[in-house]
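> The hints should help you fit chains B, C and D onto chain A, whose structure is shown.
Number of protein chains: 4
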Amino acid sequence: MQCDEPVTQLHVKPKMTVNELVTAMGKAGAYNGGALSKAATIYEQMLRDPETTKFFGLAGAMVPAGMGGIVSDLMKAGHIDVLVSTGANLTHDIIEAIGCRHYHGTAFCNDVELRHDEINRIYDVYLPNKAFEHFEEFMQNVFGKLEPGSTISISGLLNHIGKNLKSGILHTAAKKNIPVYCPAVQDSMVGLQYWLFSQTNKVTVDAFADMPALMDTCFTTKKAGALLVGGGVPKNFILQSMLMTPNGFDYAVQLTGDRPDLGGLSGATLDEARSWGKITEEALAVTVYGDATITLPILVAAVMERMHHD
Amino acid sequence: MQCDEPVTQLHVKPKMTVNELVTAMGKAGAYNGGALSKAATIYEQMLRDPETTKFFGLAGAMVPAGMGGIVSDLMKAGHIDVLVSTGANLTHDIIEAIGCRHYHGTAFCNDVELRHDEINRIYDVYLPNKAFEHFEEFMQNVFGKLEPGSTISISGLLNHIGKNLKSGILHTAAKKNIPVYCPAVQDSMVGLQYWLFSQTNKVTVDAFADMPALMDTCFTTKKAGALLVGGGVPKNFILQSMLMTPNGFDYAVQLTGDRPDLGGLSGATLDEARSWGKITEEALAVTVYGDATITLPILVAAVMERMHHD
Amino acid sequence: MQCDEPVTQLHVKPKMTVNELVTAMGKAGAYNGGALSKAATIYEQMLRDPETTKFFGLAGAMVPAGMGGIVSDLMKAGHIDVLVSTGANLTHDIIEAIGCRHYHGTAFCNDVELRHDEINRIYDVYLPNKAFEHFEEFMQNVFGKLEPGSTISISGLLNHIGKNLKSGILHTAAKKNIPVYCPAVQDSMVGLQYWLFSQTNKVTVDAFADMPALMDTCFTTKKAGALLVGGGVPKNFILQSMLMTPNGFDYAVQLTGDRPDLGGLSGATLDEARSWGKITEEALAVTVYGDATITLPILVAAVMERMHHD
Amino acid sequence: MQCDEPVTQLHVKPKMTVNELVTAMGKAGAYNGGALSKAATIYEQMLRDPETTKFFGLAGAMVPAGMGGIVSDLMKAGHIDVLVSTGANLTHDIIEAIGCRHYHGTAFCNDVELRHDEINRIYDVYLPNKAFEHFEEFMQNVFGKLEPGSTISISGLLNHIGKNLKSGILHTAAKKNIPVYCPAVQDSMVGLQYWLFSQTNKVTVDAFADMPALMDTCFTTKKAGALLVGGGVPKNFILQSMLMTPNGFDYAVQLTGDRPDLGGLSGATLDEARSWGKITEEALAVTVYGDATITLPILVAAVMERMHHD
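One line per chain: the protein sequences are A, B, C and D, in this order.
Each residue of the first sequence is one higher than the one before, counting from 43 in our numbering.
Each residue of the second sequence is one higher than the one before, counting from 43 in our numbering.
Each residue of the third sequence is one higher than the one before, counting from 43 in our numbering.
Each residue of the fourth sequence is one higher than the one before, counting from 43 in our numbering.
Simulated from the structure, these hints should not be mistaken for laboratory data.
A few of these clues could be false.
A pair holds if it fits inside one copy or across any two, identical chains being indistinguishable in the list.
[Unchecked claim] Using 25 Å as the maximum straight-line C-alpha spacing, the simulated DSS-like pairs for lysine-lysine come out as follows:
{"id": "1", "residue 1": "LYS69", "residue 2": "LYS118"}
{"id": "2", "residue 1": "LYS205", "residue 2": "LYS187"}
{"id": "3", "residue 1": "LYS55", "residue 2": "LYS69"}
{"id": "4", "residue 1": "LYS205", "residue 2": "LYS118"}
{"id": "5", "residue 1": "LYS55", "residue 2": "LYS217"}
{"id": "6", "residue 1": "LYS57", "residue 2": "LYS118"}
{"id": "7", "residue 1": "LYS218", "residue 2": "LYS187"}
{"id": "8", "residue 1": "LYS55", "residue 2": "LYS80"}
{"id": "9", "residue 1": "LYS208", "residue 2": "LYS69"}
{"id": "10", "residue 1": "LYS187", "residue 2": "LYS208"}
{"id": "11", "residue 1": "LYS172", "residue 2": "LYS69"}
{"id": "12", "residue 1": "LYS55", "residue 2": "LYS218"}
{"id": "13", "residue 1": "LYS55", "residue 2": "LYS118"}
Next comes chain A alone, as it looks inside the complex (with noise of 0.2 Å):
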C-alpha cells in the first residue's frame, strides 16, 4: 500500500463556486466529501461519454422536498435516458404540475393537530389535504381519456399522464420522450386513483409491459451509466436491468442515507454490485453516504458548471 497524494487542508474563498468547492473537497479528499469529489468527477464523465445510456433512479421524498427541479433540468439538457421513479415522487410532481404546492412546516409538531387541520406531513414539508381532492379531480379526468378495453404498460399510462401537465418530471419526460419507469406504481397516490377509476373502467396496466424495451436498450447500448438518488425499487431495477445481458453499468454513483450492514440493498455498496455482474469489473463507481437534499444539488451543480465550460 502507497502514500502518494496528500491531503490539502481545505481554505474557504468568498464567492467560490459550487464546483470551485467541490474541487477543493477532492483535495482534501476523505470520507464522504472526498466520495462526492469523487462523484461529480464520474458523473461528469458519465455524462460526456456518447455511447453511455444514462439511467437516473429516483426514490426518497425528493419532489416534497424540492428536488424535482433538478431532474426537469436534466432531462431538459439531454442527461437522463431512462428515469425510475418511485410512485410517490411522480405523485407529488402531478401535485406540483396541476397548481398545487408544498410548505415548510416542522417535523416536532403534534401530528393529530395536523390531521384535524387536514394537513398531511412528510418529515418537515406539509401537504393540504384539498392538494388530493384536485389530484383526484385530474387523474380521474386524465385515466377517462384512455381508451376503455385497452391493455397499457406503466411507463404508456406515465406519458399519458405527462401528456396532459404543462409543467414538472412527467410533463418533460413525455416532451422530451424520456421514458418513465414505476415498476411499484399501485404503490402511491396515482395507484389509488388508478384503482377508483378501474372500478368502474377496464384499462388493462400489464405490469410486464415496458420490460422489453427496457431490456432492448439495455442489450444495445454499448456502455451504461446510472446516477442512483436513493435506494428503494428505482436503485434494484436499474442495476438488474443490465444484469441479464452479457455487459454491466459502466458508471454509477449512488446518493444515500442508508447504510450496508443492515444487509438492505438502498444502503449496499456498489462493490456488492459488482459481484452479481450489476457494475462491471472495471467500472467507475461511488457511494456518497447523506442526505440527497444536500448532495444533490450540490453534485449537478458542480458538474453542470464544468459541463457549461465546453
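Relative to the frame of chain A, chains B, C and D by itself:
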C-alpha cells in the same frame, strides 16, 4: 409533564428467557430497548385481537439472513393475514425452497474475485451463481404451467409459484391461502425470469388486479394491525391501503434501520402516518430503530412466549 | 472464496432462553444479528481467558437508560478489571446511588415546557432538576473530605466518591478495587461540581496521574480484551492504551450506533484498529451496529448463561 | 398549523456560488438541505453579533480529512473566541504543522497489510508511522522546555505547543490568544507523549485549571453562540459551560452524523438542550445531520460569502 415511572436498572439473570429479558428492557424503558419492549406489548395485543386483520411487511434482504423462517412460522400460527413483500425476498425464498442455500461470508472481501468465483454477495452472505441456474429452470417450468392467453394478478402468480414449492414463505402462504402482494414484482429475479418467459409466451400480469381484494379486506375489517420489517414498497403499500377507507391502522410496529430526518418513508415515524390518517389518532404504534436481524427474532420470541402461556 | 457454512433459517421456540436465541442468530449468521452472535462467542472466550485483563468502555447515556445495573453486575462477577467511562455516566450513577431516579418520558415533547417544569431530558428519559440539588449537596460534602492541599488522580477522586456511596458502579468499583478512568471528568456534572468546590478549596487533580498505573497494567498483562459500549473517549482511551506496548488487544467487542464512513473513531471498524496495532493482527474482534440498550443486555445475558453452565 | 411558505423546486445554474446554492436550498427548505440553509442564516447572525462569544467544538477526525484549514481560517478572521477540541484533532494538526502529511487511501483494504507497511488508517485516509516518529521528537523537545516542577493547565500546555509551531490550528490559536480547551487531552497521542515525558520529568497538568477562565467568560459574556462539529466531549463541554450561569447559548449550530434515538449526547437534538437550559428557550438553533466533510465547507463558504458583501 410528569415523572411517574422510574427507570429500573437492568440486571441479567442466568437462563433468562427472551421474554424475561424484554420485560426487563421495558422496565429500563429507554431508547430503542424501551421501544422494543413496547413493540412486544403492542404486537401481543394486536395478535390477540380477534377483530384485527394482521398485515406483515417484509423489506430488506431478510430471507438471505435467515429471517424467512420466522415469517413462515408466523403464517403457520395464523398470525399473518396479508403479506406484502419485496420481490427479492420472494426470490431468495424460492431459492431456498428448491434446495439451494445461502452461505456465511464476509463483507470485507474483493468483489471482483467473488465475481470470478461466481458468487453473489449480500453484505456478508454469499450466494453461488449456480443457485440462479436452478432457479431459472424451476421458474420457467412453473411459468410454463400458466394458461396461455390468460390474465393473472401478481398475488395469483405468486400463489401459483407457492403451490409448486414444498417449503418456505410462498409455499406456506399458498397452503394457508394467505395473499402475498408484491407490487414491484418486476423488480426482482422473479420479474426477470417472467420477462424471459414472456418473450415466447403470452400471459398478462395485471398490475392492478390485486387491488380490489385488498381494498375489500380494508373496507370490511373492523380493525387493522401491521408489523413492518424495513420500509420500502411493503411499508408504504400496507399503510396506504387503509387510506381510502374511513379507518386507519389500529396497531403498528415498525422495525427499521433507516432514520426520519432524510424524509424518506422507510425511516418516517409512525406519528407522521397519523397526520395522513394511515394510522388512527389513537393507534398503538412504535418504531424500533435497528437491524431487524436482531430486533425481529427478539420481538417474535418474546411475544410467542407470552402467547404460549394461555 | 468459498461457500461452506449455510445460512440456517431461524425458528423461534416458546420459552427460548436468550442464549438459545443468540445461538440461533449465529446459525442464521448474517448482518448485525450474526455479528451479535459472534460477539457472544468472543466475549465468552475473553472472559474465560485467565491471562486476559478485561477492559470495559462505557460511553453514551447508558446509566439513565438502565444499563448501569449490567456494569455493576459484571464488576461484581469479576468480569471487569479496568473501567473507562464518560463523566456523564458516572454523574447519573451517583444520582441513582444517592436515591434519586430517572423517569420514563417521551422524546416527542415540548422542551420549553419541560424547562418550565424543571425536568431535564435525555431522549425519552426525564430527570428532575431536584436530583441535581441533592447531587450538589452530596458532591460538595464528599469533596469537602479531600485533604486540603493534596494532589489526586482522577481515578483517586472517583474512588473517593465511590467509597461514599452504597450502590452503583462507583460504589462497586471502589469495593472491588477496580480502577475507574474518566479522562474527561471536567466534562460532566461531576466536573462542574468540582469547579464549584475548587473556588474555595485547593486540591489539585492531576490529569496524567492515572497514566503510570494504566501503562503498568498494559505492559505487564499477557493478554488484553475490551468490551466497548459506544465510542467517544472510553473507546479511544482503551484502544490507545496498548499502543505504547509491543502488544495490542487480543479480544475486542464493540457495540455502537455510529457508522464508519464519517471517519470518526466512534464508528470506526476494529479492522481499522489493526492497522494502528491497537488490536493484534490475529485479534478476535467484532462490531455490532445498533443501540446498546438492545445489544448489551442480549450479549451479557447470553454469555452469563454460557458461563453459568460450568 | 399553517401552510404559508411553499417549497420552491430547486434549479441549478452554471457558475452558481456556494451561497447562491445554499439560498436555493433554503427555498426548497426540506430535510437536511433546508436545515443547512437555516444553519447558514443562524451562523451568519451569530458571527455578526458583537455581543456574542463564539465557541467552536471540533470532534471527529476532521483534521486528517482536511477540515483543519477551515478552523484556522475562522480563527484568523476572528470568528472563534473559544475552541474545544478532541486530542486527536490536535495531534493531527501538530503532525501537519511539523511537515508530515496525511494521504488519500481507501477504506476497503487489508488492515494487516497496512500494519506491515507501517501505515495507520483513518477510514480512507492513510498516515505513515514515520509521522509519529517526527511527532515524538517534536513533542519531547517542546515538553522539555516546560519549567520543571511547575503546574500548568491543559490550555496552557496547548498554547505552549502552539507557540512552537508555524502553521495550523494550535499555532493560530497561540498567535491570536484564543484558548484551546481539550478536557480529555490524555486520550490522544499528545497525551501518550506527555506520559512518556512525565516518566522522567515533573510538571503537573492540573485537569481543572482551565475551568475558572472558561467560567469567567461564560458569566461575563452578554450572549453566547456555538458551532459544533461532531459531538463527543467538545459538544458536551461547550454546552455545559453555560449551565452554571443564569443564561444559555443564544445561537447553536450542530453538524453531526449521529442520530438522536440512541440517547447519546452526540446525536441529541438541540431542543433537548433547551430542557436543560444549556441553550435558551428562544435560542436560534439547528442540527444538520450528515458528514461534516460536506456540511462544514458549504456552511462556512456560504457564510463567508455573505460576510464578504459588507
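> So, for every hint listed, does it hold in this structure?
Going through the hints against the structure:
Taking the shortest Cα distances, LYS69 and LYS118 sit within 25 Å of each other only across copies (22 Å), while inside one copy they are farther apart (32 Å). Taking the closest pair of Cα atoms, LYS205 and LYS187 come within 25 Å of each other only inside a single copy of the chain (12 Å); across copies the shortest separation is 39 Å, beyond that limit. With identical chains, the CA atoms of LYS55 and LYS69 are at most 25 Å apart both within one copy (15 Å) and between copies (24 Å). In the homo-oligomer, the alpha carbons of LYS205 and LYS118 lie at most 25 Å apart inside one protomer (15 Å), although the nearest pairing across protomers, at 48 Å, exceeds that limit.
For a Cα distance limit of 25 Å, the shortest separation of LYS55 from LYS217 across copies, 22 Å, qualifies, whereas the shortest one inside one copy, 41 Å, does not. For a Cα distance limit of 25 Å, the shortest separation of LYS57 from LYS118 across copies, 18 Å, qualifies, whereas the shortest one inside one copy, 28 Å, does not. Proximity of LYS218 to LYS187 under the C-alpha cut-off of 25 Å is restricted to the intra-copy arrangement: shortest distance 21 Å within a copy versus 41 Å between copies. For a Cα distance limit of 25 Å, the shortest separation of LYS55 from LYS80 qualifies both inside one copy, at 21 Å, and across copies, at 21 Å.
Taking the shortest Cα distances, LYS208 and LYS69 sit within 25 Å of each other only across copies (22 Å), while inside one copy they are farther apart (43 Å). When the C-alpha separation of LYS187 and LYS208 is checked against a cutoff of 25 Å, the pair qualifies only within one copy, where the shortest distance is 17 Å, while the shortest distance between copies is 46 Å. Proximity of LYS172 and LYS69 under a CA criterion of 25 Å is satisfied inter-copy only: 22 Å between copies versus 49 Å inside one chain copy. For the homomeric pair LYS55 and LYS218, the shortest alpha-carbon distance between copies (21 Å) is at most 25 Å, but the shortest distance inside one copy (39 Å) is not.
Taking the shortest alpha-carbon separations for LYS55 and LYS118, only the inter-copy value of 13 Å comes in at or below 25 Å, while the best intra-copy value is 32 Å.
Of the numbered hints given earlier, the model fails none.
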